[in-house]
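Each chain is listed here by its residues.
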Amino acid sequence: MRRRSLLQVGIAGTVLLAAAGLGLSLTTPAWQGGRLSPAAKEVIDAVSRAVLQGVLPEDPAARATALLAQLGRIEDTIGGFPKSVQDELALLLGLLTTVPGRLGLAGLTTAWAQASTEEVQSMLQSLRISSLDLRQQTYQALRDLSYAAYYADRSAWASLGYAGPTDI
Amino acid sequence: MSRFPDPILEGLARGWKVYGGRHAARPAQLQCDVAIVGTGAGAGITAELLTAAGLDVVLVEEGPLKSSSDFRQLESEAYPDLYQESAGRKTADKAINILQGRCVGGSTTVNWTSSFRTPSATLAFWREHFALPDLSDEALFPWFLQAEQRLSIGPWLAPPNENNELLRKGALRLGIAAAAIQRNVKGCWNLGSCGMGCPTNAKQSMLVTTLPVALDRGARLLVETRVQRLDVAKGKVTGLVAVGVQRDGTAAPGTEVYIRARHVVVAGGAINSPALLMRSALPDPHGRLGARTFLHPVVISSAIFDHTVAGWNGAPQTLYTDHFLELDPIDGPIGYKLEAPPIHPIIFSSTATGFGPELAADLHDMPRTHALLALLRDGFHAQSAGGQVKLKSDGSPLLDYPLTPFVMDGARRAFLSMAELQFAAGAQRVRLAHDLAQPYTNWAQAKAAIAGLPMKPLLTRVASAHVMGGCGMAGQPQLGVVRPDGRHWQVDNLSVHDGSLFPTSIGANPQLSIYGLVNKLATQLARELSGRDVRLA
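Line order of the protein sequences matches chains A and B. Just so you know, the first sequence maps onto residues 1 to 168 in the working numbering. Just so you know, the second sequence maps onto residues 1001 to 1537 in the working numbering.
In isolation and in its complexed conformation, chain A is listed as follows:
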């Protein structure tokens, strides 16, 4: 498939092709009724730990609270997109929750819930500089979603030195 025609399919089509190539049928929706499935939450949690390392609170209890809140913010952020975009993200997360998807697309050999922060970071780095559009798109979707959700909440602003809205 030539690059342009591959691109015209869009990420949803590409994910479907990837899923078909891996012999997968995505039967469990990763995103339904505005909520992530338990398996999708494991993906998001692992990605959040890796992406947000260095900006998450250092205190273990505060960190755990922040990571839990991050899952809710990710759901809010995804819920703000139009349905066609939500469907694309659901497809992508669904693929990542499967073992062949985790291995084939992400290149992560350890299960999401067991993977160390370093393993997930090195997986993200290989997606980031991959020569395959789908892998780069996957990296950017996961990364951008993580930061957009995290900094949606004022509790995260102090570490940026950002005071928030001006009182008028």
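You may find that some hints are simply not true.
[As the list claims (entries may be wrong)] Lysine to any residue pairs mimicking SDA-like chemistry, simulated, CA-CA at most 20 Å apart:
#1 A/K83 - A/T65
#2 A/K83 - B/K1456
#3 A/K83 - B/K1186
#4 B/K1390 - A/S84
#5 A/K83 - B/P1080
#6 A/K83 - B/D1394
#7 B/K1456 - A/L132
#8 B/K1169 - B/T1308
#9 B/K1186 - A/T166
[Stated by the list, open to error] One side only, chain A facing chain B, incomplete, derived with CB under 7 Å:
#10 V51
#11 G54
#12 V55
#13 P57
#14 E58
#15 A62
#16 G72
#17 G80
#18 S84
#19 Q121
#20 S122
#21 Q136
#22 A148
#23 G161
#24 Y162
#25 T166
These aren't lab readings, by the way, just hints derived from the structure by calculation. All C-beta atoms, glycine included, are put in the ideal place defined by N, C-alpha and C.
Based on the hints, put chain B in the right spot on chain A.
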């Protein structure tokens, strides 16, 4: 909650006829003289002029009616409420992120107030290549002047914020001219939150200027309502099929509205307007519809300084340089304009590159961060033909915009220019929005590294806040979608009045180009439909 008066709440209390969302239930059928699709720059100007001529106008807006009481300077509320696709609209290959308004007032409600007349070189190109002899500086002068007076567009007299001052400082050291950007504000509080909706009503957007005037004159406004298609028979639009939209953009069951109008003005913004004409299967004998959609592709460079910049504070984009637009002829290597955008947490972190500890240091340095953007002037060269609007299976638009090597060559030169300027201004460290760029600590290092960066889409982070073209204006039917008077070449009672008219990009922030050109077109349309001469208040 803002303590400021809210002109929209006051208007609603006066009895404005607003339907949809939290307002009155949508009627199943409507009849009017002119239906206007959209409420942004072109729609607002058109609505004021047509209602001044006594015409009965219905406006249809896909987004919600939000106003100063709702504008709490929060990105987390503004992006999902006020922007297309929650400020995450992407091109087909996901390589360009597009910021475009989706609310009453359209992009004028959320833009950064930068106001430029259409550059002379752009108009000259249109006259020569698109058979538009009437679009000269002289001919457009009165139309721009009226729009500027109507929208309080003028010099910004407050000192620039530090983020902009650094642009001037670097440019001065390099011997490059930097100039002030005119703004459409009245009594601006210099908060810097323009992109989240103006909480003080100082920004003279369509939301607080032309639309209230039209609504006071009896215009009807449908919000959270999308025009799905135009019905066309025998070369004329006979009606508009609209439907209420839910928060996720899908049609709300049982909310269909049928609108009959003598004339239809499509002004939903580029990408959206051509998509509506495509959904309506309008004639397109020369294959021009949705083609030549331009974005001013933007690349970004941030720089850390030894002092507080606080790029979220104060008016954004008050200084610019066109030095790199003027180095070559307009149809030569792609040129670019440099400006200093606002820096808020979500937009900053999600347009930066990298993650984890690598990015954490930059994020902690946000108060000392200055950012420049380069907007590339696309559309003036055979290898910069822009993008093509397509339809997804649900009928929503998707822009396929290939970032050609010609365009990406400009992106490389823009990275070089921005880094050089930032080091000249005293930057300690420069970070480009490119996934293979390392932090650079001096100009020589940056210069060598940028020369070797692979300028590929996706690896290079590209954004856009200016969507133009797709229903191009031309003096001959084979060159465009609409005629020089803004009417569709094949469908006579249909006009296009928004940024999708432009045959190329503008080469400057486009809002005033839309106001000026549409002022001309809508004044003529008002005369043709009503026999009356009108002008902006």
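Checked hints:
1. Proposed proximity of A/K83 and A/T65 is contradicted: the alpha carbons are some 29 Å apart, above 20 Å.
2. Taking the CA atoms of A/K83 and B/K1456, the gap is about 29 Å. The hint is violated against a cut of 20 Å.
3. Restraint check for A/K83 and B/K1186: the C-alpha separation of about 38 Å exceeds 20 Å, so the hint is violated.
4. The hinted pair formed by B/K1390 and A/S84 meets the criterion: a straight-line CA distance of about 14 Å does not exceed 20 Å.
5. With a C-alpha separation of about 13 Å, the suggested pair A/K83 and B/P1080 falls inside the 20 Å cut-off, and the hint holds.
6. Annotation: proposed proximity of A/K83 to B/D1394 holds, straight-line Cα distance about 10 Å (limit 20 Å).
7. For the hint linking B/K1456 to A/L132, the alpha-carbon distance of about 12 Å falls within 20 Å, and the restraint holds.
8. For the given pair, B/K1169 sits about 15 Å from B/T1308 by alpha-carbon distance, which is consistent with the 20 Å threshold.
9. Of the supplied pair hints, the one linking B/K1186 and A/T166 holds, its CA atoms being roughly 19 Å apart against a limit of 20 Å.
10. Because the beta carbon of A/V51 sits about 4 Å from the nearest beta carbon in chain B, less than 7 Å, this interface hint is met.
11. The closest approach between the C-beta of A/G54 and any C-beta of chain B is roughly 3 Å, which is under the 7 Å cut-off, so the hint is satisfied.
12. The interface hint given for A/V55 holds, since its Cβ lies 5 Å from the closest Cβ of chain B, which is under the 7 Å cut-off.
13. Restraint check, A/P57 versus chain B: the minimum CB separation of about 12 Å is more than 7 Å; hint violated.
14. For A/E58, the shortest C-beta to C-beta distance to chain B is roughly 11 Å, which exceeds 7 Å, and the interface hint is violated.
15. The beta carbon of A/A62 is not positioned within 7 Å of any beta carbon in chain B (closest approach about 16 Å), and the interface hint is therefore violated.
16. Here the hint on A/G72 is broken, as its CB sits about 12 Å from the closest CB of chain B, past 7 Å.
17. With its C-beta approaching chain B no nearer than about 3 Å, A/G80 sits inside the 7 Å limit, and its interface hint holds.
18. Evaluation of the A/S84 hint against chain B yields a held restraint, the C-beta minimum of about 6 Å falling below 7 Å.
19. The restraint placing A/Q121 at the interface with chain B holds, with a minimum CB-CB distance near 5 Å, inside the 7 Å limit.
20. The interface hint given for A/S122 is broken, as the beta carbon of that residue sits about 10 Å from the closest beta carbon of chain B, more than 7 Å.
21. Contact between A/Q136 and chain B, as hinted, is supported at the beta carbon level, the nearest pair being about 5 Å apart and thus within 7 Å.
22. Checking A/A148 against chain B: minimum C-beta separation of about 5 Å stays under 7 Å; hint holds.
23. Taking 7 Å as the C-beta cut-off, the interface hint given for A/G161 holds, the closest approach to chain B being about 4 Å.
24. For A/Y162, the shortest C-beta to C-beta distance to chain B is roughly 6 Å, which falls under 7 Å, so the interface hint holds.
25. Interface restraint check for A/T166: the shortest CB-CB distance to chain B comes to about 5 Å, inside 7 Å, so the restraint holds.
In the structure shown, a violation is registered for the earlier hints numbered 1, 2, 3, 13, 14, 15, 16 and 20, in ascending order.
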